[in-house]
Amino acid sequence: MAILVIAEHDNKQLKPGFANTVAAAAKLADDIHALVVGSQCADAATAAAKIAGVKKVLVADAPHYAVPLAENMAALVTSMAKNYSHVLAPATGFGKNFMPRVAALLNVAQISDISDVVSADTFVRPIYAGNVLATVQSSDPIKVITVRITGFDAAPDAPSPALIENVAPVADSGLSEFKGHELTKSTRPELTAARVIVSGGRGMGNGENFKLLEALADKLGAAVGASRAAVDSGFVPNDYQVGQTGKIVAPELYVAVGISGAIQHLAGMKDSKVIVAINKDAEAPIFQVANYWLVEDLFKAVPELTAQL
Amino acid sequence: MKVLVAIKRVVDPNIKVRVKTDGSAVETANVKMAMNPFCEIAVEQAIRMKEAGSVTEIVVVSIGVMQCQETLRTALAMGADRAILVETTAEIQPLAVATVLQAIVGKERPGLVIMGKQAIDDDCNQSGQMLAALLGWPQATFISKITLAGDHADITREVDGGLENISVKLPAVVTADLRLNEPRYVTLPNIMKAKKKPLEIIKPDALGVDVTPRLKTVKVAEPPKRGAGVKVADVADLVNKLKNEAKVI
Chain A
1 MAILVIAEHD
11 NKQLKPGFAN
21 TVAAAAKLAD
31 DIHALVVGSQ
41 CADAATAAAK
51 IAGVKKVLVA
61 DAPHYAVPLA
71 ENMAALVTSM
81 AKNYSHVLAP
91 ATGFGKNFMP
101 RVAALLNVAQ
111 ISDISDVVSA
121 DTFVRPIYAG
131 NVLATVQSSD
141 PIKVITVRIT
151 GFDAAPDAPS
161 PALIENVAPV
171 ADSGLSEFKG
181 HELTKSTRPE
191 LTAARVIVSG
201 GRGMGNGENF
211 KLLEALADKL
221 GAAVGASRAA
231 VDSGFVPNDY
241 QVGQTGKIVA
251 PELYVAVGIS
261 GAIQHLAGMK
271 DSKVIVAINK
281 DAEAPIFQVA
291 NYWLVEDLFK
301 AVPELTAQL
Chain B
1 MKVLVAIKRV
11 VDPNIKVRVK
21 TDGSAVETAN
31 VKMAMNPFCE
41 IAVEQAIRMK
51 EAGSVTEIVV
61 VSIGVMQCQE
71 TLRTALAMGA
81 DRAILVETTA
91 EIQPLAVATV
101 LQAIVGKERP
111 GLVIMGKQAI
121 DDDCNQSGQM
131 LAALLGWPQA
141 TFISKITLAG
151 DHADITREVD
161 GGLENISVKL
171 PAVVTADLRL
181 NEPRYVTLPN
191 IMKAKKKPLE
201 IIKPDALGVD
211 VTPRLKTVKV
221 AEPPKRGAGV
231 KVADVADLVN
241 KLKNEAKVI
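As given, the protein sequences belong to chains A and B, one line each in that order. The first sequence begins at 1 in this note's numbering and counts up one residue at a time. The second sequence begins at 1 in this note's numbering and counts up one residue at a time.
Bear in mind the hints are in silico, worked out from the structure with no lab data behind them. This structure is a prediction, so every number in the text was calculated from the model and none was measured. Hints should not be assumed to be uniformly reliable.
[To be verified] Straight-line C-alpha distance at most 27 Å; calculated BS3-like pairs for lysine-lysine:
(1) A:300 / B:145
(2) A:280 / B:169
(3) B:225 / A:273
(4) B:243 / A:211
(5) B:169 / A:273
(6) A:280 / B:231
(7) A:179 / B:219
(8) B:247 / A:280
(9) B:145 / A:179
(10) A:219 / B:145
(11) A:185 / B:145
(12) B:107 / A:211
(13) B:107 / A:273
(14) A:280 / B:216
(15) B:145 / A:273
(16) A:82 / B:196
(17) A:219 / B:247
(18) B:196 / B:107
(19) A:55 / A:27
(20) B:241 / A:219
(21) A:27 / B:169
(22) B:16 / A:27
(23) B:20 / B:196
(24) A:280 / B:50
(25) B:231 / A:211
(26) B:196 / A:273
(27) A:179 / B:231
(28) A:179 / A:219
(29) B:20 / A:280
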């Protein structure tokens, strides 16, 4: 049976996690269908058709799909799921929101946040903030899965694009209504897609001091992240948060500044390729996961680093 | 309006867990337990809504072993009115949680269910969404603000890239994110008062629900450790190593 991968997009562009989710699906079977649910989302559908491994792109285009409200997403996906052995979505805010709803409507378990595929019914997923890896086996007829996108390398572009077909939308549930977005404006890359991330913690002292990190990030072409402590203290918005309850990232280079290294934070970044930690406390636990660590006052080290790059 | 808050007893988030030597499970015997932090935020939100006059009664529910009574007593000491323990020693997975809560909602008929967005033990992030699905109710996950407005609730949600504002019809299931509020500490007089508040214990069988696990844990293991890193002398040394050794800049 085929596998359905649900694409995250903004009606124009795909979010980077799609190609990683397709890569996870490719470990299960060859027949992969992508589902693009949106409003005037032809561009996103065209982009999905260009990812290697995707055999067919199904498009549900309707005004009430302009934003992916969970009730509407779940109703549509559930109506299609019976033709598939597996339904996959990225374990981002998008997938986490509606996929459990799909699973419950299908009366199956969801397998959350898989980081590896063992076989068609057995998967590895991190638990306890990534301090433990559980291997779980599902006996349900349809496997509803969210994918940790850092666990799978993105599928490449396809030599020739897949077919695109329309599917009928399901009527608007009317249960919830979108009112608006307040999105963080930034010219920097998105955290989950960035090659380099510069993150600040409680040691930054206040939100104003994050400008130091922004200057460094601009030199490195990096995204700016933060620990939960920095978010809790109100230094930066919640969508900066890297960690167990925030975003899971695995960039080429992760620079942790003034971050002590609570397990909740390590959970979100310890799969980064190279980790640099700058902290004046020589005992900070972040040093245990760092490839390179510098014991120095960040207010001295960060401007110096920015200047030397 | 009556509000139902579902809470979970988990290993204290500050404890580093260990895997049992046979790799079958995480060691939870003789480990300090606590209320899941996101559940605390959910309880706090219900109490604030009651203090603001929009909620009349707060019922807290937990599912699990007898010791979950302690977690429920904590919620009562914070300010919840009444507690229900669905007592079982079985492993309860998210779909089973949602099924049990669906039955409790059928009995209690709350106007709103508040839950934590995620338990910090299994990190599943499912139960609230599943409960909403089984009830056919709207859902609002990862909320950072909620205002009740007659037949609906105005919600601000944490989404990747910022915030999203939605309006959901009531009754609904909402799940709390970090910034919804900061939970209060319980005081000794309130702990004493909580001992007198009603706590009902029932079995899943009495609710007529099937809580059989759907997922089998084949094994658990600790992830591979990162190799030891090196301390750099100064910024110049760091830049040199990043350029010439790690080759990432």
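Taking the hints in turn, this is what the structure says about them:
| no. | hint | verdict |
| --- | --- | --- |
| 1 | A:300 / B:145 | 38 Å, violated |
| 2 | A:280 / B:169 | 50 Å, violated |
| 3 | B:225 / A:273 | 13 Å, holds |
| 4 | B:243 / A:211 | 24 Å, holds |
| 5 | B:169 / A:273 | 45 Å, violated |
| 6 | A:280 / B:231 | 12 Å, holds |
| 7 | A:179 / B:219 | 44 Å, violated |
| 8 | B:247 / A:280 | 25 Å, holds |
| 9 | B:145 / A:179 | 14 Å, holds |
| 10 | A:219 / B:145 | 36 Å, violated |
| 11 | A:185 / B:145 | 21 Å, holds |
| 12 | B:107 / A:211 | 53 Å, violated |
| 13 | B:107 / A:273 | 52 Å, violated |
| 14 | A:280 / B:216 | 45 Å, violated |
| 15 | B:145 / A:273 | 36 Å, violated |
| 16 | A:82 / B:196 | 50 Å, violated |
| 17 | A:219 / B:247 | 16 Å, holds |
| 18 | B:196 / B:107 | 23 Å, holds |
| 19 | A:55 / A:27 | 15 Å, holds |
| 20 | B:241 / A:219 | 17 Å, holds |
| 21 | A:27 / B:169 | 40 Å, violated |
| 22 | B:16 / A:27 | 32 Å, violated |
| 23 | B:20 / B:196 | 38 Å, violated |
| 24 | A:280 / B:50 | 45 Å, violated |
| 25 | B:231 / A:211 | 26 Å, holds |
| 26 | B:196 / A:273 | 54 Å, violated |
| 27 | A:179 / B:231 | 50 Å, violated |
| 28 | A:179 / A:219 | 37 Å, violated |
| 29 | B:20 / A:280 | 36 Å, violated |
Checked against the numbered hints given earlier, this structure breaks hints 1, 2, 5, 7, 10, 12, 13, 14, 15, 16, 21, 22, 23, 24, 26, 27, 28 and 29; the rest are met.
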